[in-house]
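Residue numbers (numbering that gives the first Met the number 0), protein chains in the order written: chain U, 0 to 341; chain Y, 0 to 341; chain V, 0 to 341.
Just so you know, not all the hints are guaranteed correct.
Identical chains share a label here; the pair holds if one copy fits it or two copies do between them.
[Unchecked claim] Pairs of lysine to aspartate or glutamate residues, derived as DMTMM-like cross-links and limited to a Cα-Cα distance of at most 25 Å, are as follows: (1) Lys56 x Asp127; (2) Lys289 x Asp60; (3) Lys58 x Glu156; (4) Lys253 x Glu59.
It is worth saying that the hints were derived from the structure and are not from the lab.
Model, not experiment: these values are computed from the prediction.
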Amino acid sequence: MADPRFFRNAGPFSLKDIAEVAGAEIAANAESTRIVDDVLPLQLASSNHVSFLDNKKYKEDFIASSAGVCIIAPEMTEIAPAGMVLLTTPQPYHAYGRVALLFYPSAIGSGQISPNAHVDANALIADDVDIKSGAVVEAGAEIGSGCVIGCNAVIREGVVIGTNTQIGANTSVSHAIIGNNVIIHQGSQIGQDGYGFAMSPSGHVKIPQLGRVIIGNDVEIGANATIDRGAGPDTEIGEGSKLDNLVHVAHNVKIGRFCIITGQVGISGSTEVGDFVAMGGQSGLAGHIKIGMGAQIGAQCGVLRDVPPGAKVAGTPARPVQQWLKEFADLERAAKKRKTKE
Amino acid sequence: MADPRFFRNAGPFSLKDIAEVAGAEIAANAESTRIVDDVLPLQLASSNHVSFLDNKKYKEDFIASSAGVCIIAPEMTEIAPAGMVLLTTPQPYHAYGRVALLFYPSAIGSGQISPNAHVDANALIADDVDIKSGAVVEAGAEIGSGCVIGCNAVIREGVVIGTNTQIGANTSVSHAIIGNNVIIHQGSQIGQDGYGFAMSPSGHVKIPQLGRVIIGNDVEIGANATIDRGAGPDTEIGEGSKLDNLVHVAHNVKIGRFCIITGQVGISGSTEVGDFVAMGGQSGLAGHIKIGMGAQIGAQCGVLRDVPPGAKVAGTPARPVQQWLKEFADLERAAKKRKTKE
Amino acid sequence: MADPRFFRNAGPFSLKDIAEVAGAEIAANAESTRIVDDVLPLQLASSNHVSFLDNKKYKEDFIASSAGVCIIAPEMTEIAPAGMVLLTTPQPYHAYGRVALLFYPSAIGSGQISPNAHVDANALIADDVDIKSGAVVEAGAEIGSGCVIGCNAVIREGVVIGTNTQIGANTSVSHAIIGNNVIIHQGSQIGQDGYGFAMSPSGHVKIPQLGRVIIGNDVEIGANATIDRGAGPDTEIGEGSKLDNLVHVAHNVKIGRFCIITGQVGISGSTEVGDFVAMGGQSGLAGHIKIGMGAQIGAQCGVLRDVPPGAKVAGTPARPVQQWLKEFADLERAAKKRKTKE
Chain U
0 MADPRFFRNA
10 GPFSLKDIAE
20 VAGAEIAANA
30 ESTRIVDDVL
40 PLQLASSNHV
50 SFLDNKKYKE
60 DFIASSAGVC
70 IIAPEMTEIA
80 PAGMVLLTTP
90 QPYHAYGRVA
100 LLFYPSAIGS
110 GQISPNAHVD
120 ANALIADDVD
130 IKSGAVVEAG
140 AEIGSGCVIG
150 CNAVIREGVV
160 IGTNTQIGAN
170 TSVSHAIIGN
180 NVIIHQGSQI
190 GQDGYGFAMS
200 PSGHVKIPQL
210 GRVIIGNDVE
220 IGANATIDRG
230 AGPDTEIGEG
240 SKLDNLVHVA
250 HNVKIGRFCI
260 ITGQVGISGS
270 TEVGDFVAMG
280 GQSGLAGHIK
290 IGMGAQIGAQ
300 CGVLRDVPPG
310 AKVAGTPARP
320 VQQWLKEFAD
330 LERAAKKRKT
340 KE
Chain Y
0 MADPRFFRNA
10 GPFSLKDIAE
20 VAGAEIAANA
30 ESTRIVDDVL
40 PLQLASSNHV
50 SFLDNKKYKE
60 DFIASSAGVC
70 IIAPEMTEIA
80 PAGMVLLTTP
90 QPYHAYGRVA
100 LLFYPSAIGS
110 GQISPNAHVD
120 ANALIADDVD
130 IKSGAVVEAG
140 AEIGSGCVIG
150 CNAVIREGVV
160 IGTNTQIGAN
170 TSVSHAIIGN
180 NVIIHQGSQI
190 GQDGYGFAMS
200 PSGHVKIPQL
210 GRVIIGNDVE
220 IGANATIDRG
230 AGPDTEIGEG
240 SKLDNLVHVA
250 HNVKIGRFCI
260 ITGQVGISGS
270 TEVGDFVAMG
280 GQSGLAGHIK
290 IGMGAQIGAQ
300 CGVLRDVPPG
310 AKVAGTPARP
320 VQQWLKEFAD
330 LERAAKKRKT
340 KE
Chain V
0 MADPRFFRNA
10 GPFSLKDIAE
20 VAGAEIAANA
30 ESTRIVDDVL
40 PLQLASSNHV
50 SFLDNKKYKE
60 DFIASSAGVC
70 IIAPEMTEIA
80 PAGMVLLTTP
90 QPYHAYGRVA
100 LLFYPSAIGS
110 GQISPNAHVD
120 ANALIADDVD
130 IKSGAVVEAG
140 AEIGSGCVIG
150 CNAVIREGVV
160 IGTNTQIGAN
170 TSVSHAIIGN
180 NVIIHQGSQI
190 GQDGYGFAMS
200 PSGHVKIPQL
210 GRVIIGNDVE
220 IGANATIDRG
230 AGPDTEIGEG
240 SKLDNLVHVA
250 HNVKIGRFCI
260 ITGQVGISGS
270 TEVGDFVAMG
280 GQSGLAGHIK
290 IGMGAQIGAQ
300 CGVLRDVPPG
310 AKVAGTPARP
320 VQQWLKEFAD
330 LERAAKKRKT
340 KE
């Protein structure tokens, strides 16, 4: 089971409850009153646990699993171990997510303000906000109901945070308006000056950065990420977008809704990213360009020009992923030919 | 206008004052006593605001702007909207920077030490230093006049900081000598051990890191950057160099004066970077190499060997940018040819 | 000498003591009672100091050095400056490391808990633990003897830390079991949620992350690195592995023993890295792949598929380093040919 030193299990739950939350169909032979104690990965689950199979790369783990209950796609039922109770759904990973949340609901605030937190008398703190040891909340900040402000986090003056938002330990937020149900993980830095200088041989002139950071509802930002505030316009992250660890978002960038921005991605100043764009790890976007809705940017890809909606690109400089794959195949072929000659 | 929750406007100012600070020429037909309330981007400015046009990519925004006053290059005056007052200068971005600073001057300390800060009795704190809630200043540290030490920042023992320097929230500084007018943004880590190990199949031996970090005047370092201290020699960052977010500077590195080191750049140990070098985002330098004065390193470029002064390189491994562009053009041509054949 | 504001010198020591710790042979003509005051780099050392030469790139510094004593490989003795006392060993860098540690031993805790630290009454703190100003230790955490918890560090509930482990300033640790003699530098974030979402056009569903981070003995983790906890399985870092600054380790990753993971590397979810793997700066591994024992991954390399044990790969996508070098040689040749034609 999930380590009780770190996690509180809200279970057990009946098979019926779990199937309902999962939106999955219970196998005909299963007892719906059966009790399930926990969610666990295929390799660790026993008869009283529910597990799941989504990525077919882990089919062998499924076949060898001792899980009592498993959430799977209909086409996998035939290879299931004997005696395993199957919950079938076309989207096992989504279903598992909802079941895991049933057992381990998200933390929300309940009004515990640590005596070791430093909250300015002129900050506006709603009921049911948790503020942990060492956190600082400056004057004029507004924090909505259900928020959790982590240990040694810093909320600077005037920052506005919606409801049920979590700010991680050692995270600092300034010059920002943040929505509801946002999660910002440990060590991220939000709202500092953008990188704006007028270059000069006698010393670069600093340009004051007079915009803000606007973060929509349901955004999640990983650990040690950095989101600079705008230079004049705002930096914006749209509803439901998910940013991973160590991502860098420069000033004036607009990220649309429901984007997937993975680890160590960098987005340069004033670039616009459409809704549902996905960016692979360590990829980067040049400044002042536009990435169309639904475009997919490969890992480590370096994008110097606009990308049309729905396009899939890879390589540096970025080119259509099919072209990039053919180039690589050509290189491999040339290497083999050369080897034969040698 | 800039959001008053976050910014204090020192204006309004007269057109004459603004032109003087900008070093720009006022159009003949303009009233120099005209009052200007704020600086704003072209798209947001109204008749009582000053804006600017520098990057010609935003020409359309200029033509459509309602800004009352605009700082522009002389060659752009012909396409200006009717009624807009023009301040002309060959360097509009520099001029805008100085005007924005007139309205929004940099924060400097004024002697406010928070009762929630933890300042050792044996630290040497000048007058007019601000130390914010939760900040720690250890014994033997010296902090010069006008400095601002952010919330939950940590200044370790013996660290020396000049005058008017700003240390961001949740930033830690150890083993460092820092100049005047330096800005280190939120979450940056300065002075930790360099990555020094003697490799061995029975366990890598840690090499004590006995140098320091020396940071010159007018340096700016972005959020969540890391500057390791030297192994024996010092790590040095020269006067006026500007480092962006998430930059990594390894032990013994020497960065010259007025360099431009953009987001997520990595510089390996003992490498020397000359004055006025510019490095694009996510580029990296191998260890123990020399980058000549004024060299330009492209985004995501991987530099394995010395780069001569003034050279422009791109790609991994780095090669002259002209060669790299031609290689790419060849690949594009080959892809088209292949497509025709198919 | 190492700056006394930052370092405490435990010396002086006799040449005999130094040779013994170094495991090096003293030159026949040397007085073994000679007193040595400090360790210093070749360029800074004087007659009362010991220095070392390992990387032959710095041979000129050796020839010009005024160091009284030097640790070197036997084959270098012939070019030594007259009068320099030589300590010869086949592994000068290892020997220097041990000597430097003699003069500057690692900090370990001695039972100093700052009155400004916030330690929960239900945390289990061994004797001889140092907890510095502003650090937070939550209920249920266990910290072993000799540990040092840095200023404004955060140790969340239930975290277990072995003996003689150092946690840097502004570092946060949650959901983690950490071994002995571990060093985690400033600003690193350990144990936050992995990046787990079930994608959906109506909003991505967050998957609760129910695993932990397990860190073996003698691991070192640089500044501002991020180690996510597992989604269900744990994230694991094996004994003696060394991670540099700004490294990103995603959920469920298994890193073996004695790996060398340099600056800004990214490792995607569920990937397995064998023992003694070395990864160059800014390289990245895709998710769900296996890197064999002793493999070497070049700087900025992007690895999309399994890598066999002992293989050396470079480029994106990764290919054998010999092939990659030949491709580059071909490109250089083509560029020259093109130039001749023009």
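TODO: Return the numbers of the hints above that this structure violates; sort them in rising order.
DONE: Structure breaks hints 1 and 3.
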